[in-house]
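2 protein chains.
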Amino acid sequence: MANPGLKAYPGTRDFYPDDMDFRNWMAQKQRSVCERFGYREYGAPVLEYLDLYLRKSSEEIVSEQLYIFTDRGERKVAIRPEMTPTLARMVSSRPQQYILPLRWFSIANFMRYERPGRGRLREFYQLNVDLLGSDAISGDVEVLALACDIMKEYGAAPTDYVLRFSDRRLLDHSFSELNGDQLRELGRILDKKEKLNPEDFRKTVDDLGGQWQKKDLVQRVETFYELSLEKADGNPILEYLREIRDRLSEHVSVESFKFDPGIVRGFDYYTGLVFEMNDTDPSNARALFGGGRYDKLLSQFGKETIPAVGFGMGDVTLQDFLEVHNLRPALNEKSSLFLTMFSEDLARDTEKVAARLRSAGIQVELALDGNRKLGKQFDLAEKKGHSHAGVMGPEELANDAIRIKNLKTGEQKDVSVSDLDSSALAGI
Amino acid sequence: MANPGLKAYPGTRDFYPDDMDFRNWMAQKQRSVCERFGYREYGAPVLEYLDLYLRKSSEEIVSEQLYIFTDRGERKVAIRPEMTPTLARMVSSRPQQYILPLRWFSIANFMRYERPGRGRLREFYQLNVDLLGSDAISGDVEVLALACDIMKEYGAAPTDYVLRFSDRRLLDHSFSELNGDQLRELGRILDKKEKLNPEDFRKTVDDLGGQWQKKDLVQRVETFYELSLEKADGNPILEYLREIRDRLSEHVSVESFKFDPGIVRGFDYYTGLVFEMNDTDPSNARALFGGGRYDKLLSQFGKETIPAVGFGMGDVTLQDFLEVHNLRPALNEKSSLFLTMFSEDLARDTEKVAARLRSAGIQVELALDGNRKLGKQFDLAEKKGHSHAGVMGPEELANDAIRIKNLKTGEQKDVSVSDLDSSALAGI
Numbered sequence: 071m072a073n074p075g076l077k078a079y080p081g082t083r084d085f086y087p088d089d090m091d092f093r094n095w096m097a098q099k100q101r102s103v104c105e106r107f108g109y110r111e112y113g114a115p116v117l118e119y120l121d122l123y124l125r126k127s128s129e130e131i132v133s134e135q136l137y138i139f140t141d142r143g144e145r146k147v148a149i150r151p152e153m154t155p156t157l158a159r160m161v162s163s164r165p166q167q168y169i170l171p172l173r174w175f176s177i178a179n180f181m182r183y184e185r186p187g188r189g190r191l192r193e194f195y196q197l198n199v200d201l202l203g204s205d206a207i208s209g210d211v212e213v214l215a216l217a218c219d220i221m222k223e224y225g226a227a228p229t230d231y232v233l234r235f236s237d238r239r240l241l242d243h244s245f246s247e248l249n250g251d252q253l254r255e256l257g258r259i260l261d262k263k264e265k266l267n268p269e270d271f272r273k274t275v276d277d278l279g280g281q282w283q284k285k286d287l288v289q290r291v292e293t294f295y296e297l298s299l300e301k302a303d304g305n306p307i308l309e310y311l312r313e314i315r316d317r318l319s320e321h322v323s324v325e326s327f328k329f330d331p332g333i334v335r336g337f338d339y340y341t342g343l344v345f346e347m348n349d350t351d352p353s354n355a356r357a358l359f360g361g362g363r364y365d366k367l368l369s370q371f372g373k374e375t376i377p378a379v380g381f382g383m384g385d386v387t388l389q390d391f392l393e394v395h396n397l398r399p400a401l402n403e404k405s406s407l408f409l410t411m412f413s414e415d416l417a418r419d420t421e422k423v424a425a426r427l428r429s430a431g432i433q434v435e436l437a438l439d440g441n442r443k444l445g446k447q448f449d450l451a452e453k454k455g456h457s458h459a460g461v462m463g464p465e466e467l468a469n470d471a472i473r474i475k476n477l478k479t480g481e482q483k484d485v486s487v488s489d490l491d492s493s494a495l496a497g498i
Numbered sequence: 071m072a073n074p075g076l077k078a079y080p081g082t083r084d085f086y087p088d089d090m091d092f093r094n095w096m097a098q099k100q101r102s103v104c105e106r107f108g109y110r111e112y113g114a115p116v117l118e119y120l121d122l123y124l125r126k127s128s129e130e131i132v133s134e135q136l137y138i139f140t141d142r143g144e145r146k147v148a149i150r151p152e153m154t155p156t157l158a159r160m161v162s163s164r165p166q167q168y169i170l171p172l173r174w175f176s177i178a179n180f181m182r183y184e185r186p187g188r189g190r191l192r193e194f195y196q197l198n199v200d201l202l203g204s205d206a207i208s209g210d211v212e213v214l215a216l217a218c219d220i221m222k223e224y225g226a227a228p229t230d231y232v233l234r235f236s237d238r239r240l241l242d243h244s245f246s247e248l249n250g251d252q253l254r255e256l257g258r259i260l261d262k263k264e265k266l267n268p269e270d271f272r273k274t275v276d277d278l279g280g281q282w283q284k285k286d287l288v289q290r291v292e293t294f295y296e297l298s299l300e301k302a303d304g305n306p307i308l309e310y311l312r313e314i315r316d317r318l319s320e321h322v323s324v325e326s327f328k329f330d331p332g333i334v335r336g337f338d339y340y341t342g343l344v345f346e347m348n349d350t351d352p353s354n355a356r357a358l359f360g361g362g363r364y365d366k367l368l369s370q371f372g373k374e375t376i377p378a379v380g381f382g383m384g385d386v387t388l389q390d391f392l393e394v395h396n397l398r399p400a401l402n403e404k405s406s407l408f409l410t411m412f413s414e415d416l417a418r419d420t421e422k423v424a425a426r427l428r429s430a431g432i433q434v435e436l437a438l439d440g441n442r443k444l445g446k447q448f449d450l451a452e453k454k455g456h457s458h459a460g461v462m463g464p465e466e467l468a469n470d471a472i473r474i475k476n477l478k479t480g481e482q483k484d485v486s487v488s489d490l491d492s493s494a495l496a497g498i
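Taken in sequence, the protein lines are chains A and B.
When the letters of the first sequence are read in order and numbered with our numbering, they come out as residues 71 to 498.
When the letters of the second sequence are read in order and numbered with our numbering, they come out as residues 71 to 498.
Honestly, I wouldn't trust all of these hints.
Given that identical chains are not distinguished, each listed pair holds provided it fits within a single copy or across any two copies.
Claimed, not checked - When the alpha-carbon atoms are kept at most 25 Å apart in a straight line, the in silico BS3-like pairs for lysine-lysine are as follows:
id : residue 1 : residue 2
1  : K453      : K478
2  : K222      : K422
3  : K328      : K422
4  : K404      : K99
5  : K483      : K404
6  : K478      : K454
7  : K443      : K475
8  : K301      : K446
9  : K99       : K422
10 : K262      : K99
11 : K373      : K454
12 : K265      : K478
13 : K478      : K263
14 : K475      : K404
15 : K265      : K301
16 : K77       : K373
17 : K443      : K454
18 : K77       : K328
19 : K284      : K483
20 : K478      : K404
21 : K77       : K422
22 : K273      : K146
23 : K446      : K265
24 : K366      : K443
Please keep in mind that the hints were generated in silico from the structure rather than gathered at the bench.
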């Protein structure tokens, strides 16, 4: 491209109308499922004080991915990279106003400075769903069921995706001799296991064991990966997860979810349940979404401890998922009318008819140039994908009528302008 | 507030659910009018290369209001302060793909570093409506009619607002002896007239006249303000505006719009029609929206000259307008069910019933704690504003039924779970 001004910023997208319709469709499905579960939508600024993220987001986000700058008033600010810190800020700043538990969701854009690639961009839209103020197991089950219902709402089959879940506390329980820093470091490595080859993973763990003087760490990690809900053996966390699994199985096909001790999630704020959803098609390697329970995060903002569980679902991998599984729908197929302009001196009358058609709820695109031949105007109507075209010449005008033609069947009919209603196109 | 992390960045808003419902309602009305006129929605990144704005936005925006920074890859970028440059970039970068004329709209957030106050914030949402590829007068009329239809859609009365319009070329025509720079400077002063007292305005113009050696400038400006569509006297621009007025009067009450030669608009890219809409209530001084024709802007991006006309409508003044005129609706009054949990051991069965109710299209919020007394659960249901509450105890379970109570009338009824459909709550 010769003109550099024509390029969008790398890793962001221009949403031309077909893509925008798709984005709106994806969001509308999410909205509809969330509302069915009694969740209410909220929104928040795209810019926040940098301070909000310094201790609440993952280290990787803050040090490598955050868009940070200083504003004209010398404030350190950041473009939001995720919603959870903002949500925590919003809920904590009005402690009296809301009756717990709160069920909230939002659909908003975020930015992270990452290397753009399949399933990953710098600007993305994300659904965030959170249930605040309850530590009941029913809350965990609800959030997982809601996540799966979104997939069903898109028309996904049970084998198209898999929800893998675990619990952060399993790590503490299984490696109780490690201190907090060590647990975090081990968690980060387990979180990256799938990106490493088995040899490298084993070596990394072994090095860590050496460094910490825990020679059996490799063995212990292998045992950890063999944990199973069938052999809970009095382990209270496995029993908890088994209960979640059993209750979820009433609601979701068993092929669609499984326990996986390797699910750790990168954010330090998780305290219990953690989960990820993946496409079963290998071309989409990145998670569709992830989330978990974060019971302590809100106490960093307000006086109260407010337990919370939720997830974030980005649009980039979701779009890939829907396309791979042929779930992207044909949109914009509503019937609509292209109203031709017979001649310039009928412009005013044509505008009046267009207004009446629109009042009747019909979508009308008006030809703007009465000097253009009618045949050309019909060509334009077809090219633009309208289902119908209308003509109002002197004869129709005299009869207070409009001639409507179905552009697919060729059928045409004169319709009285005063009798118009929203079904006017349906009969032609 | 003790914790600085609880504050939103100045001039931005947290949208708590009631406010979010209102924002969505405002946007949905705009969307619906635009679609009725055959406009299609598009979207774009919140971040752009700084370069995009350097010559295309007003000087005030670039030098004082733009959020500018350098990213981690040393690119100079800006958070978008308006949509028009992005739209021009998008349309110009795919010249072959679209059939002109294009009718496009978007609803997106923008940031400008301004002093927050009534009707003005740093982050705002704006509807942008543009008709590209036609210089027909019908296009100007359509965009104005669409703007007024949005006001009608909100339920505004004709006297609640006034659309003032003019034409940028009037200035050139009336002050033909001034050069381009002088015209721009004069335009900027006329644009600020309403913010100055008459004495200061007169003095500013007089000083300018002295500086340019045009001693009669004050007199000439007074004459300019007396221009009237009733005395077009062969002035082609006034005749053009008169035609617009006449055609618009078929569609919009005459109290709702008027010619005003003082309308200039701050953006240099306007080339013809310019307009602003104002609240007639004096408490809302700032314009509801503004726009105009910008036939040359797109040629700065692509090879082609693509004539264009459009407007932007911000949500901050719009919200003030709707509130002043009592047009903010009561939202979130749909019927919904709070499903109590009779006891913990019925949790699983209760979850199953919730899922069935949701499949039937009913909005269900589920109680999460079966150890809580049923009376307390009913209290919560009322406090949360649900229309109905449901109970499923051992007796109902045995009958595959659920007891539904209308929380307003107190009426209650047992409903068979297998017969549920979306009208289940309507009968109780």
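Each hint tested on the structure:
| no. | hint | in the structure |
| --- | --- | --- |
| 1 | K453 - K478 | within (12 Å within a copy, 54 Å between copies) |
| 2 | K222 - K422 | between (45 Å within a copy, 16 Å between copies) |
| 3 | K328 - K422 | between (61 Å within a copy, 20 Å between copies) |
| 4 | K404 - K99 | both (18 Å within a copy, 18 Å between copies) |
| 5 | K483 - K404 | within (20 Å within a copy, 40 Å between copies) |
| 6 | K478 - K454 | within (13 Å within a copy, 51 Å between copies) |
| 7 | K443 - K475 | within (17 Å within a copy, 65 Å between copies) |
| 8 | K301 - K446 | neither (74 Å within a copy, 38 Å between copies) |
| 9 | K99 - K422 | between (37 Å within a copy, 22 Å between copies) |
| 10 | K262 - K99 | neither (32 Å within a copy, 46 Å between copies) |
| 11 | K373 - K454 | between (58 Å within a copy, 23 Å between copies) |
| 12 | K265 - K478 | neither (52 Å within a copy, 56 Å between copies) |
| 13 | K478 - K263 | neither (56 Å within a copy, 55 Å between copies) |
| 14 | K475 - K404 | within (16 Å within a copy, 40 Å between copies) |
| 15 | K265 - K301 | neither (28 Å within a copy, 76 Å between copies) |
| 16 | K77 - K373 | between (47 Å within a copy, 15 Å between copies) |
| 17 | K443 - K454 | within (17 Å within a copy, 61 Å between copies) |
| 18 | K77 - K328 | neither (43 Å within a copy, 40 Å between copies) |
| 19 | K284 - K483 | neither (85 Å within a copy, 64 Å between copies) |
| 20 | K478 - K404 | within (13 Å within a copy, 40 Å between copies) |
| 21 | K77 - K422 | neither (41 Å within a copy, 51 Å between copies) |
| 22 | K273 - K146 | neither (40 Å within a copy, 42 Å between copies) |
| 23 | K446 - K265 | neither (57 Å within a copy, 49 Å between copies) |
| 24 | K366 - K443 | neither (70 Å within a copy, 27 Å between copies) |
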